[in-house]
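Number of protein chains: 2
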Amino acid sequence: MKALIAVLPGDGIGPEVVEQGTRLLKAVAERFSHSFELVEAPMGGAAIDLTGSPLPPETLALCQRADAVLLGAVGGPKWDPPAKVRPEQGLLALRKELGLFANLRPVTPVPSLYDTSTLKPEVLRGVDLLVVRELTGGIYFGEKRREEDRAFDACVYTVDEVVRVVRAAAVLARARRKRLTSVDKANVLETSRLWRSVTERIVSEEFPDIELKHMLVDACAMHLIKRPADFDVIVTENMFGDILTDEAAMLSGSIGMLPSASLGANRRGLYEPIHGSAPDIAGRGVANPYGTLLSVAMLLRHSLGLEQEARAVEAAVASSLDAGVLTADLSAPSTRPAGTREVGGSVIDRLGE
Amino acid sequence: MKALIAVLPGDGIGPEVVEQGTRLLKAVAERFSHSFELVEAPMGGAAIDLTGSPLPPETLALCQRADAVLLGAVGGPKWDPPAKVRPEQGLLALRKELGLFANLRPVTPVPSLYDTSTLKPEVLRGVDLLVVRELTGGIYFGEKRREEDRAFDACVYTVDEVVRVVRAAAVLARARRKRLTSVDKANVLETSRLWRSVTERIVSEEFPDIELKHMLVDACAMHLIKRPADFDVIVTENMFGDILTDEAAMLSGSIGMLPSASLGANRRGLYEPIHGSAPDIAGRGVANPYGTLLSVAMLLRHSLGLEQEARAVEAAVASSLDAGVLTADLSAPSTRPAGTREVGGSVIDRLGE
Ligand SMILES: [Mg+2]
Ligand SMILES: [Mg+2]
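Chains A and B supply the protein sequences, listed in that same order. In terms of this note's numbering, the first sequence is residues 1 to 353. In terms of this note's numbering, the second sequence is residues 1 to 353.
Any given hint could be a false lead.
Here are the simulated lysine-lysine pairs, DSSO-like style, with alpha carbons at most 27 angstroms apart [unchecked claim]:
#1 A:Lys96 to A:Lys2
#2 B:Lys226 to A:Lys144
#3 B:Lys226 to A:Lys226
#4 B:Lys96 to B:Lys2
#5 A:Lys213 to A:Lys226
#6 A:Lys120 to B:Lys2
Note that these hints are calculated values from the structure, not bench results. The structure presented is a predicted model; accordingly, all values stated were derived computationally and were not measured.
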């Protein structure tokens with residue numbers, strides 16, 4: 001197939017990890033006979049320095065034309081407050097312009113990295129979960145007010161906002177183990193009661209083959225640590241998703257391992273590792289690119305529909321990890337850590353083994 | 001000293017665990033020459049069955065007169081919806097009438113129970129944290145609306161609401177390791193920005209000896225699993241506290257171990273184990289009373305000012321656990337579990353060892 005992929009290296013370690021992502025995309029294209037056009041564009045702090053804007057019109061136009069967007073990371077102390085134009089604004093604007101309302105965060109700890117997690121290996125065994133977080137609604141985007149002696153935030157959800165993200169999550173569950181856990185606080189919040197009733201209706205009407213469970217957010221925060229292998233797909237509102245995805249990230253030993261995708265109504269998506277721009281280690285060639293390489297696998301699966309290729313990438317990553325090709329954040333202090341490029345090469349070498 | 005303690009056994013396993021709590025209070029009174037008057041009253045489902053109300057006026061009047069309230073648990077399938085009068089309403093009303101705005105949940109895993117946690121022993125070593133949750137404000141108590149196609153919840157905090165709970169938490173930190181972590185989402189929420197600025201001011205003006213750190217709620221959800229021993233006292237708003245206390249509870253292997261206190265402007269407090277009424281095991285004499293016994297320690301410390309007695313109870317609990325006196329939720333399947341009364345007796349025997 002032919003595909004146009006926008007590549008936004010961004011800031012800090014972004015360019016280093018994205019370089020391995022583009023190498024991998026080229027290798028996948030070659031091995032599976034696809035034609036991927038990769039076009040780079042500035043984004044975040046790098047774009048502010050070049051153009052004054054964290055999301056220049058040319059970058060946005062490219063992303064809107066592309067089949068998928070691969071992003072490294074944005075931000076850094078150079079553009080921290082009191083700076084008014086900030087790298088993160090570019091990311092928010094990009095999500096909004098592309099209509100991305102579902103954030104996907106899979107967590108699948110691999111046995112060779114169980115040591116790096118603070119959870120016991122027997123708890124991690126069999127964990128393969130995917131959190132789908134609503135990304136554009138809820139209290140983060142509601143009206144805010146500040147008065148002399150009080151502050152106010154509004155949490156609003158419409159039926160349509162819930163419908164589309166639950167539908168997206170149910171489609172994903174259907175391609176996995178067909179189990180969906182919807183997380184809310186329906187015993188207290190009106191938005192959660194709406195969430196629960198809409199979820200109930202959509203799943204029973206459109207996804208009778210999916211097993212749906214409801215769970216309160218505090219119970220879910222427990223369950224994620226107690227029996228994480230119980231989960232398949234979790235779907236939840238914006239703020240609960242913000243908290244639970246970060247908690248779930250700890251099942252994997254390093255956030256350097258974790259990919260993410262943001263999806264909208266069509267197939268176009270934004271793919272990025274969840275680690276930030278890590279300015280403290282930028283430019284030293286030591287950053288962990290596995291999160292980016294696994295984001296490439298998600299890109300292949302969700303935006304290009306190339307399931308076989310996605311699995312080949314995931315298998316190559318697993319094989320590379322098993323072989324002990326580990327960056328500094330993953331390896332024991334006594335062993336020689338692998339560099340960023342070395343990991344990229346190792347995964348590419350193992351592609352389609 | 002003389003003290004009046006209201007004892008509300010409640011429902012399910014409540015009466016069984018509270019019985020051990022009253023035995024312990026009597027033993028403490030005897031050993032340390034205090035005069036505790038213990039008066040029982042109906043509460044929750046038991047009170048609904050007796051009087052039609054989950055918090056009868058006589059029970060409330062007793063609690064208002066008492067120096068402290070010891071509660072077991074309330075609720076059970078018998079009073080679940082569609083029942084309109086519910087046991088939990090009694091608890092909410094009691095908290096409100098007593099003006100309890102700070103919920104305290106300490107988590108101090110003991111080495112002899114590290115096996116029962118899903119976290120690795122080296123992560124649990126040194127964990128001794130206390131979460132102080134604001135209990136009467138925020139989105140759980142804000143205005144709620146439902147329209148045809150949308151739902152709405154308001155989150156409001158006033159300066160006064162933040163001041164009083166932060167002050168309570170800082171006082172507690174002062175008696176511990178003098179470190180306070182305030183958790184919010186100030187990068188997004190207006191209520192959190194108010195929370196942060198009030199906390200900053202109160203601590204710098206009134207508690208210059210306390211080391212204050214701010215942490216975002218999602219980062220805290222990570223940190224609690226990654227390096228829980230870093231925390232001393234955590235203070236946070238109602239909903240974040242709801243989620244984080246349940247997450248933190250998992251550091252300890254069983255929620256049967258965990259005590260709680262709810263405090264207000266004066267010394268009167270409500271003390272209860274965090275486990276629920278567990279109707280499935282009620283009446284069989286197998287429930288874990290350690291959470292109640294540790295709640296008694298909190299009662300002695302926070303409402304009666306009996307620090308030495310509180311420590312004696314905690315030491316007796318630790319000694320009993322070390323000796324392997326474990327209820328079924330704590331013990332290996334191969335060993336004979338201790339019964340509820342056996343644990344009570346074991347702790348009393350070790351009091352002041
Ligand atoms: Mg987050
Ligand atoms: Mg809770």
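Taking the hints in turn, this is what the structure says about them:
Proximity of lysine 96 (chain A) to lysine 2 (chain A) is assessed by CA-CA distance (about 26 angstroms); at most 27 angstroms being required, the pair is judged to hold. Proposed proximity of lysine 226 (chain B) and lysine 144 (chain A) is contradicted: the alpha carbons are some 33 angstroms apart, above 27 angstroms. Proximity of lysine 226 (chain B) to lysine 226 (chain A) is assessed by CA-CA distance (about 15 angstroms); at most 27 angstroms being required, the pair is judged to hold. Straight-line distance between C-alpha atoms of lysine 96 (chain B) and lysine 2 (chain B) comes to about 26 angstroms, which keeps the hinted pair within the 27 angstroms bound.
Taken as a hint, the lysine 213 (chain A) and lysine 226 (chain A) pair is honoured in the structure, with Cα atoms around 17 angstroms apart against an allowance of 27 angstroms. A distance of roughly 48 angstroms separates the Cα atoms of lysine 120 (chain A) and lysine 2 (chain B); the hinted pair therefore is violated under the 27 angstroms criterion.
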